[in-house]
Amino acid sequence: MPALLEARDITVRFGGLMALKGVNLAVGAGEVLSVIGPNGAGKTTLFNVLTGRVKPTAGSVQLKGQSIERLPAFRIAQLGVVRTFQKTEVFGPLSLVDGVAAGALAHDDPDPSARAREALDIVGLLGKAKLTAHQLSYGDQRLLELAQALAAKPTVLLLDEPASGMNHQESAHIVRLIGELRTQGLAIILVEHNMQVVMTISDRVIVINYGEKIAEGRPEEVRADRQVIEAYLGVDSSANADLR
Amino acid sequence: MLDQTRQRLATAGLAVLLLSIPLVVRDSYYLHLFIIAGIFVIVALGLDLIVGYVGQLSLAHAAFFGLGAYASALLSLRLQWSMWIGLPAAALITGVVAFLLGWVILRTRGHRFIIITVAFAELMKLVATNWVDVTRGFMGLPGLQIPNLYVPGIGAIDITSKERFYYVVLAGAVITFVLCRKMVRSSIGRAFVLIRENEVLAESLGISAFRYCMIAFVTGAALAGAAGSLYAHYVGFVSPDLFNFSYVTIMLIMVILGGKGTLIGPALGAVIFTFLPELLRDASHWRMIIFSVILIVTTLFMPRGIIFPIIEHLVPKRWRTRHASAS
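First to last, the sequence lines map onto chains A and B.
One point on numbering: in the numbering used here, the residue at position 173 of the first sequence is 173, and numbering is uninterrupted.
One point on numbering: in the numbering used here, the residue at position 90 of the second sequence is 90, and numbering is uninterrupted.
In case anyone wonders, no lab produced these hints; they're calculated from the structure.
Take every hint as true, because none was put in to throw you off.
Ranges of calculated distance between the beta carbons of each label pair, as one might list FRET restraints:
| # | chain 1 | residue 1 | chain 2 | residue 2 | range |
| --- | --- | --- | --- | --- | --- |
| 1 | A | E118 | B | A15 | 39 to 45 Å |
| 2 | B | L100 | A | N24 | 41 to 47 Å |
| 3 | A | P93 | B | A171 | 32 to 38 Å |
| 4 | A | G127 | B | E163 | 56 to 62 Å |
| 5 | B | R109 | A | E118 | 31 to 37 Å |
| 6 | A | P93 | B | T160 | 43 to 49 Å |
Computed from a prediction, not measured in an experiment: that's the story for all the values here.
Just so it is clear, CB atoms sit at the ideal spot from N, CA and C, and this is done for glycine as well.
Using the sequences plus the hints, can you model the full thing?
This is the structure we're talking about:
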C-alpha cells in the first residue's frame, strides 16, 4: 500500500531532553495505524510534529511526497492532515454547528453549516446541533471533536486517545466509527491507551518507548513481542494482562 | 419574520432619533458631545474587532487614532489636501503601519503582545513630541479646517457648523457599523470568533490565526485612523496629547463595558462613556470618583457589558435573534 503520510527519522529535542529519536512511520489510505507506548513516551509529540505544532529537530514528514514538516499547522490541516487532541478541545460557548463549521470554513466551503451538519450526522450528534459544546457530556464532546475534524475534509486523521474516559458502549461506538472512516479510504493514525480498542481496530501498531520506536507490526505480532512486553508494560504480569 | 419586522421598525425609529438630534438639541455643547461620541463610535467599533472578536488586547489603538489625526493634519497643512482625500489617506497610512506592526507582533500572544502595543504607542508619542520640524512638538499643529462637501447636482455645501458636521460624523459611524456588521457576519467574522474561542483548535482545523488577526488588526487600525482624521479637522488642532494612555483606557472602557464581541455594545458604550464624564462635571471634584465608582459597579454587575442586561430586560425573548458572536 503506497504511503499517504510518511515520517522519516523524526528527532525532536527540547533543550537537553530527547523527546523523539529517529522515529519512522508511514500510513496509507484505508489503513489504521496505532501508536502505543507508556505515558511520556513521545506519542503526542509525534502527533504535534505530524500536524506542524512542533518543528522537528531533524527528519522529514511527507504528505503524498510533498514535504510538510516546515509548514504552519493551519496549512498542514488545509492539506488534509487533521487531528483531535488528548485533552478535549471544542469551541465551548458556540453551537455545535458553528464550531464544527470551522473546518469547512478553512476550505472555503460555500455552505459550511451544511458540511457541519453532515459531519455531526456521521458521529450521531445531529440531534444536538443547536446545543453548545459546553452543554454536552464528556463522551459527546469526544464525538464532537471527531465531527470537527471530519468537517475539515481530512485525508489523514490523527486521533489522540479518542476513547479515553469513555465507557464500554461509547468505546464500541468510536471503534465502529473509525472502522467506517477506514472503509471510506481515510488514513488514520491512532494514539490510544485502551488496548482493546487498539487490538480491535488497528491494521498495524508501532510501539514507542523513551522517544524511540521499539517495535512495529500487526497487532498480534506486537502483542507477542517480548521486547514490547518488557519495555512497554514492564515484566509485571498484571500489567501485561492488559496487553493480552 | 416577526424578528425582521420588529428589527426594521427599531432601526427606523433609531434612524429618526439620530437624524433629529441637531433639530432637537439646540445647545452647542451637547451637540459637540454627540459629534465626539460619533467619532468614538467609529474608534470603538474598530477596537472591538481586535479586542472583542479575535480576543487580542491591543493598547495601540489610541496611537492609531493619533497617527490618523497627524497624517490627515500634515497632508492638509503641508500639501493642502482636502479632508475628503486626507481621511482615506489617513486610514490607508494607519492601515499600512498596522500591517507592518502586526507582521511582527501578531506572532506573539498574551502579555508580550500587550507590552509591544504599549511600546508602540509610547514610540508614536515620542515621535510626535520630538520630531519638531514636522510635528511642531508640544505646540501641535493648529489651523485645520473643515472643507465644503460637494454633492453632485447640488454643489458645495458648507459643513463647518456643528449641526451639519454632526451629519457627516453620523454618516461615518453608520457606514462603519454597516461595514463591520457585514464583516462579522461573513466567513471572516466566523473565523474571528473561532480564533477567539479556541485558537489552537481553529488552527488545527485549517484556520490561519495570523491571517485573521491581521485582518482585524489592520481594519480596526484603519478605522481609528479615519476617526482620527475626522477628529483633527473637527477640533482644528492636533497635539501629542492624542497619544496619551487615558485615550486608550477610555476606548477600552467603551468596548468592554459596552459589550465586546457585539457591535451595538461598543457603539452604545462610546456614546455613554463620552457623555458620562461630561454630565458629571457638576459634581466638581467628586466627578472622577463618581465616574470610577460607576465603572467598578458596572464591571461587577454587568461583566459582559451594558448591552446584555439591556437586551435581557428590555427586549422580549421572542424578538431576539441568535447571534453567535455575542456569546
